[in-house]
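*Asks:* Starting from the known structure of chain A, arrange chain B on it as the hints suggest.
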Amino acid sequence: MEQFEHFESYLSGKLSDADQKTFEKKLAEDIDFNSDFEMHQKMQGAMDILVEEDAKKFISSLDKAQVSSETKTTKKSQWPIYIAVLLLLLVGLFLFLNPFSAKEEDYMKAYLPPLAEATRSTDNTSSESTYYLKTEEAHKLIAHKKYEKAAGILEGLLPEFIGKEKQEIEWYLALIYSTYDLERSRLLLYNISTDQGHPYARKAKGLLD
Amino acid sequence: MRTDDKDIVNVVRKNVESRNKVIEELYTDKDLKSSIATFIIKNGGNRNQINDVFTYAILTFIKQCYRPLFSLDKNVNAYIFSIAKYHWFKIVKEQKLIVSEEKRPELSDGMNAEKLILKKEKNLLLKMAMKKLDQKCRDVLTMWANNLKMREIALQMSYKSEGMARKKKHECVKKLRTLITDI
Numbered sequence: 001m002e003q004f005e006h007f008e009s010y011l012s013g014k015l016s017d018a019d020q021k022t023f024e025k026k027l028a029e030d031i032d033f034n035s036d037f038e039m040h041q042k043m044q045g046a047m048d049i050l051v052e053e054d055a056k057k058f059i060s061s062l063d064k065a066q067v068s069s070e071t072k073t074t075k076k077s078q079w080p081i082y083i084a085v086l087l088l089l090l091v092g093l094f095l096f097l098n099p100f101s102a103k104e105e106d107y108m109k110a111y112l113p114p115l116a117e118a119t120r121s122t123d124n125t126s127s128e129s130t131y132y133l134k135t136e137e138a139h140k141l142i143a144h145k146k147y148e149k150a151a152g153i154l155e156g157l158l159p160e161f162i163g164k165e166k167q168e169i170e171w172y173l174a175l176i177y178s179t180y181d182l183e184r185s186r187l188l189l190y191n192i193s194t195d196q197g198h199p200y201a202r203k204a205k206g207l208l209d
Numbered sequence: 001m002r003t004d005d006k007d008i009v010n011v012v013r014k015n016v017e018s019r020n021k022v023i024e025e026l027y028t029d030k031d032l033k034s035s036i037a038t039f040i041i042k043n044g045g046n047r048n049q050i051n052d053v054f055t056y057a058i059l060t061f062i063k064q065c066y067r068p069l070f071s072l073d074k075n076v077n078a079y080i081f082s083i084a085k086y087h088w089f090k091i092v093k094e095q096k097l098i099v100s101e102e103k104r105p106e107l108s109d110g111m112n113a114e115k116l117i118l119k120k121e122k123n124l125l126l127k128m129a130m131k132k133l134d135q136k137c138r139d140v141l142t143m144w145a146n147n148l149k150m151r152e153i154a155l156q157m158s159y160k161s162e163g164m165a166r167k168k169k170h171e172c173v174k175k176l177r178t179l180i181t182d183i
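Keeping their order, the protein sequence lines are chains A and B.
The working numbering numbers the first residue of the first sequence as 1 and each following residue consecutively.
The working numbering numbers the first residue of the second sequence as 1 and each following residue consecutively.
The following block holds chain A by itself, in its conformation from the complex (with noise of 0.2 Å):
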C-alpha cells in the first residue's frame, strides 16, 4: 500500500483494529512519519480550503440569481399583494365595525370584498361560497379567541383548495398556531417565506426575522 493510501485509510477509518495500532504507534515511534503523515493532513486541508473556496463561489453565484430572480418575480406580484393587503383592511374594519350582531345573510353580504364582487358566484354551494362561509366562521372564532377551532376550521379546507385561496388558509393558520403552537407556526412561516410565489413570502420572512 502506498504511504499516501495508508495515510487516507487510517483517515477515513478504513484499517483493521490491528491495523490502526501498528499506525499509531509508529506515528508515536517514527518522527519521519509522523512527520509525513502530518505534512498530509495539512496538504489535504489546503486542497480541502481550495475546493471549498472554489464551490463556495459558485454557490454564491446561484444565491445571486436566485435574489435576482425573486427581485423580478415580486415586482411582478406586486398587485396580488395590494389586494390582499385592501382585503385584510376590509376584513379587519368590517369586525371592527360589526361585531358579529348582524344576521348570517346580511354579514355575508357585507363580508364580500368589493374588488371581488363582481366575480363571485351567488351559488351558495360552490366551492367559492363555501370557502367565504368557512373562513368567516374561522374568523369569528378567531375574534372570540377560539384559535384552535379556528385552526380545525381552516385545516379542514386546506386540502379543498389550491391557488390563492390555499394561499390564504395557510397564512391564517401560520398566525392561528402561533398563538399556541409557536413550533408549528414557524414551520409554516418558513414553508411560505421559501414559496417564491407565495403572496406572504415577504411577510412570512418579515415576522420569522
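Mixed in with the good hints there might be a few duds.
[As the list claims (entries may be wrong)] If the Cβ cut is set under 7 Å, some of the chain B residues that face chain A in the computed set are:
#1 I41
#2 L141
#3 L176
[As the list claims (entries may be wrong)] Ranges of calculated distance between the beta carbons of each label pair, as one might list FRET restraints:
#4 A:K166 x B:K127: 46 to 56 Å
#5 A:R184 x B:I183: 43 to 53 Å
#6 A:G13 x B:S18: 22 to 32 Å
#7 A:E53 x B:S18: 11 to 21 Å
#8 B:V11 x A:G206: 32 to 42 Å
#9 B:L125 x A:L158: 46 to 56 Å
[Said to hold, decoys possible] Footprint (simulated), chain B over chain A, 3 or more residues, beta carbon under 8 Å:
#10 8-14
#11 41-49
#12 55-61
#13 187-195
In short, the hints are calculated from the structure, not lab data.
All of these numbers come straight from a predicted model, not from anything done at the bench.
Just so it is clear, CB atoms sit at the ideal spot from N, CA and C, and this is done for glycine as well.
*Replies:* Just chain B now, with coordinates in the frame of chain A:
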C-alpha cells in the same frame, strides 16, 4: 434530470462543470433543504442558521468526493442530512461549552475546548499561509484539487503543453509545502 446517486461521486470528480451541476442540483433540492430546516428548527435553531448548515453540508460532501477512498454507501440526501445533523449537534455542543465555561470555569471540560480552539486556529493559519500563494499557483492548485487533468489545466492557464502544467503544479505544491510546514 438529477444525477443518479450511484454516479454522483464520479460526476463531481469528472470536471468543474459537472461538479457545479451537482452542487446546483443539491442546493436547489427543496426536499433536502426542507428536511434540514425542519431538523434545525425542531432543535432550537433559527432561519439564518439553516442556510449556513445546509451550505456546509453540501460543501463537506463535495470535499469528500475528492477523497480517493470515498464511496457513497447510502442515498446522497440521507448522507448530506447526516452531515448537517452532526454539524448542528457540534454547533450546539460548542455553544453549550462556551456557556458552561462562562458559568463554571473550574468545572469546564478544558481539553475539549482546547481541541476545538486548536483545530480552528490551525485551519485559520492554513488559510492565512495560503494567502501568500500567488494567484497563478492558487488557480493551478485549485484545478488540481478539483481533479482536473494536466491537459485541461494547461488549456485553462494557456500553457504551451501538458508538461508545462505539470511543472507549474510541482512548483506550486513545493511553494505550498514550504508555506504550511511550520503551522
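*Asks:* So, as I understand it, the hint says I41 of chain B touches chain A; can you test that by seeing if any CB pair is closer than 7 Å?
*Replies:* holds (6 Å)
*Asks:* Closer than 8 Å Cβ to Cβ for three or more residues is the test here. Does the stretch 41-49 of chain A pass it with chain B?
*Replies:* It holds, with 7 qualifying residues against the three required.
*Asks:* Just to make sure I understand the rule, a stretch counts as covered if three or more of its residues have a C-beta closer than 8 Å to a C-beta of the chain. Does the stretch 187-195 of chain A meet that for chain B?
*Replies:* holds (count 5)
*Asks:* Is the distance from the Cβ of K166 of chain A to the Cβ of K127 of chain B consistent with 46 to 56 Å?
*Replies:* holds (48 Å)
*Asks:* Is 11 to 21 Å respected by the C-beta to C-beta distance linking E53 of chain A and S18 of chain B?
*Replies:* holds (19 Å)
*Asks:* Just to be sure I understand the hint, the distance between the Cβ atoms of V11 of chain B and G206 of chain A should be within 32 to 42 Å; is that true here?
*Replies:* At 39 Å between Cβs, range holds.
*Asks:* Count the residues of the stretch 8-14 of chain A whose CB lies closer than 8 Å to any CB of chain B, then report whether that count reaches three.
*Replies:* n = 4 at 8 Å, threshold three: holds.
*Asks:* Lying within 46 to 56 Å: is that true of the beta-carbon distance L125 of chain B to L158 of chain A?
*Replies:* holds (54 Å)
*Asks:* Do the beta carbons of G13 of chain A and S18 of chain B sit within 22 to 32 Å of each other?
*Replies:* holds (28 Å)
*Asks:* Using the Cβ atoms, figure out if R184 of chain A sits within 43 to 53 Å of I183 of chain B.
*Replies:* This hint holds: roughly 48 Å between Cβ atoms.
*Asks:* If you take the shortest Cβ to Cβ gap from L176 of chain B to chain A, is it below 7 Å?
*Replies:* Given a least distance of 6 Å, the restraint on L176 of chain B holds.
*Asks:* Three residues minimum, CB to CB under 8 Å: does the stretch 55-61 of chain A make the cut for coverage by chain B? Let me know.
*Replies:* Contact hint for the stretch 55-61 of chain A vs chain B: holds, 4 residues under 8 Å.
Of the numbered hints given earlier, the model fails none.
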